[in-house]
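Undergrad: Given next are the chains, with one letter for each unit.
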Amino acid sequence: MRSGDMKRWLLSVRGIFLKDVRSELRTRYAVSALVMFVITTIAIILFSLAHEAAPPEVLSGVLWVVIFFGAMSGLSRTFVMEEERGTAMTLQLLAPPSAVYFGKLLFNVVLVVALNAFTVILYLLLVAGFVVRSADVFALTMFLGSLGFASAATIIAAIIARANTKGTLYPVLSFPILLPLLVVVIDATRSATEGAPLAEVGGAFQFLISYTVVLTTLSYLLFEYIWKD
Amino acid sequence: MALRVTLGILLTLVLCAGIGFPLSQNPQHWYELPVIPGLEEKARLIFFHVPTAWLSVVAFLTGMVFSIRYLRKRDPLDDLRSSAAAGLGLTYCILATLTGAIWAKFNWGSFWNWDPRETSIFVLLLIYGAYFSLRSAVENQEKRSTLSAAYSIIAAITVPFFIFVLPRITSGLHPGSKGDPDGAGPVLQFTMSPNMRVIFFASLAAFTLLFIWMFQLRVRTGKLEMERELQQAP
Numbered sequence: 004m005r006s007g008d009m010k011r012w013l014l015s016v017r018g019i020f021l022k023d024v025r026s027e028l029r030t031r032y033a034v035s036a037l038v039m040f041v042i043t044t045i046a047i048i049l050f051s052l053a054h055e056a057a058p059p060e061v062l063s064g065v066l067w068v069v070i071f072f073g074a075m076s077g078l079s080r081t082f083v084m085e086e087e088r089g090t091a092m093t094l095q096l097l098a099p100p101s102a103v104y105f106g107k108l109l110f111n112v113v114l115v116v117a118l119n120a121f122t123v124i125l126y127l128l129l130v131a132g133f134v135v136r137s138a139d140v141f142a143l144t145m146f147l148g149s150l151g152f153a154s155a156a157t158i159i160a161a162i163i164a165r166a167n168t169k170g171t172l173y174p175v176l177s178f179p180i181l182l183p184l185l186v187v188v189i190d191a192t193r194s195a196t197e198g199a200p201l202a203e204v205g206g207a208f209q210f211l212i213s214y215t216v217v218l219t220t221l222s223y224l225l226f227e228y229i230w231k232d
Numbered sequence: 047m048a049l050r051v052t053l054g055i056l057l058t059l060v061l062c063a064g065i066g067f068p069l070s071q072n073p074q075h076w077y078e079l080p081v082i083p084g085l086e087e088k089a090r091l092i093f094f095h096v097p098t099a100w101l102s103v104v105a106f107l108t109g110m111v112f113s114i115r116y117l118r119k120r121d122p123l124d125d126l127r128s129s130a131a132a133g134l135g136l137t138y139c140i141l142a143t144l145t146g147a148i149w150a151k152f153n154w155g156s157f158w159n160w161d162p163r164e165t166s167i168f169v170l171l172l173i174y175g176a177y178f179s180l181r182s183a184v185e186n187q188e189k190r191s192t193l194s195a196a197y198s199i200i201a202a203i204t205v206p207f208f209i210f211v212l213p214r215i216t217s218g219l220h221p222g223s224k225g226d227p228d229g230a231g232p233v234l235q236f237t238m239s240p241n242m243r244v245i246f247f248a249s250l251a252a253f254t255l256l257f258i259w260m261f262q263l264r265v266r267t268g269k270l271e272m273e274r275e276l277q278q279a280p
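Line order of the protein sequences matches chains A and B.
With this note's numbering applied, the first sequence closes on residue 232, and no number is skipped along the way.
With this note's numbering applied, the second sequence closes on residue 280, and no number is skipped along the way.
Keep in mind that the hints were calculated from the coordinates and are not lab data.
Don't take every hint at face value.
[Claimed, not checked] Only pairs whose alpha carbons sit at most 30 Å apart, straight line, appear in this in silico DSS-like list of lysine-lysine:
1. A:231 <-> A:10
2. B:269 <-> B:189
3. B:189 <-> A:231
4. B:269 <-> B:119
5. B:269 <-> A:231
6. A:231 <-> B:119
Computed from a predicted structure; not experimentally measured.
Could you put together the complete structure from these sequences and hints?
TA: In structure tokens:
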């Protein structure tokens with residue numbers, strides 16, 4: 004790719020990202036749905052715990068249950084929206100598929116990182132038994148986990164949007180893809196509550212990085228086939 | 047024809063040897079299998095369970111290869127092959143899960159323990175389930191082929207993460223996983239006696255032939271169905 008092409012491609016990625024941000028800010032559909040989802044779920048957890056302190060091992064798993072279903076309720080939005088408004092065709096004409104993919108991926112990454120930050124803050128404030136002993140492990144786990152989450156969820160969202168089933172199949176299709184990530188991430192979160200040093204959890208981080216890289220590369224290769232009619 | 051004859055002979059031999067050969071504390075004859083402490087008669091399952099589990103993965107990868115070919119060439123036959131392989135893979139996967147669960151009941155005391163390998167086969171089942179629900183959700187045939195091909199490729203990429211990575215990270219009860227002093231090889235590495243090894247690999251070959259035969263049958267019936275649909279369409 005020549006540098007001029009590269010520049011134009013980066014501009015399209017940025018354009019699509021900004022378009023999604025702008026249309027999101029206009030309606031605040033995904034953000035409000037996600038925020039309400041997280042609040043309701045944490046409220047249900049608090050009610051069901053009924054002031055009992057659950058062990059941190061259980062709570063670190065529950066945290067990721069909230070994040071998984073929260074993400075599933077909002078992340079398919081970017082692609083489903085294009086199909087619902089009938090703008091997918093226009094986008095196909097205006098931008099190369101790879102630019103569309105990376106624009107949407109960037110949007111979803113921002114959304115997941117924000118969602119996770121919000122969830123974690125609420126969770127730390129409200130759920131009594133959940134104490135993080137090594138903050139660095141926890142922060143890295145949340146960040147790398149969010150990246151992996153977004154990379155897997157984005158490509159599945161692209162499939163779902165084309166499959167005219169909208170929401171129902173999204174968690175079904177995503178769960179097997181996300182499960183290796185979830186197992187590793189829940190394990191790392193548990194280590195963070197136990198106060199494990201950073202070096203001990205290194206394997207988990209390597210896993211998360213390789214997972215994200217592999218899935219993003221594959222999505223980049225496959226996206227053209229899914230996206231184009 | 048040659049395939050069916052070879053398959054029949056091989057499978058019969060494997061069945062007879064795998065079930066019939068006696069166990070002995072110190073094997074003297076070629077047909078006596080050594081006693082593995084802690085497993086005893088239950089060790090025979092390796093001849094049938096491992097090949098089915100292995101083939102459910104192989105079928106999955108076969109499906110992925112045909113999915114890639116479909117995306118490159120857009121030949122409906124490749125989609126047919128891919129879904130046929132996935133269908134067989136699902137069958138083998140269910141068989142491996144069931145035989146494994148029954149074995150686990152008698153060896154570990156419960157049908158399901160969330161051992162890393164049990165987790166991985168469970169995920170493989172989920173992937174197959176998701177694949178077929180995606181296929182049933184899309185009406186348009188070309189769209190269905192494309193989307194399911196893409197999904198099977200994405201899912202196939204996560205399989206190595208499971209089959210190889212997870213059982214290594216966490217130790218498990220399953221023979222050949224990290225906690226097992228004899229195991230911890232790349233996939234399965236037992237201290238098998240030579241005659242056990244012969245039966246094991248013969249069984250692996252027999253099950254693979256069985257897979258090829260069933261696969262050909264399914265593709266042939268699928269082709270006939272496609273032709274009939276074309277004829278019925280005005």
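Undergrad: Taking the hints in turn, state whether each one holds.
TA: For each hint, the structure was consulted:
The hinted pair formed by residue 231 of chain A and residue 10 of chain A meets the criterion: a straight-line CA distance of about 23 Å does not exceed 30 Å. Of the pairs offered as hints, the one joining residue 269 of chain B and residue 189 of chain B holds, with about 19 Å between alpha carbons and a cut-off of 30 Å not exceeded. Simply put, residue 189 of chain B and residue 231 of chain A have alpha-carbon atoms about 10 Å apart, close enough for the 30 Å limit, and the pair holds. A threshold of 30 Å between alpha carbons decides the hint, and for residue 269 of chain B with residue 119 of chain B the separation of about 18 Å falls inside it, so the pair holds.
Between residue 269 of chain B and residue 231 of chain A the CA atoms are separated by roughly 27 Å; this keeps the pair inside 30 Å, and the hint holds. Between residue 231 of chain A and residue 119 of chain B, the direct Cα distance comes to roughly 15 Å. Compliance with the 30 Å bound is thereby established for this hinted pair.
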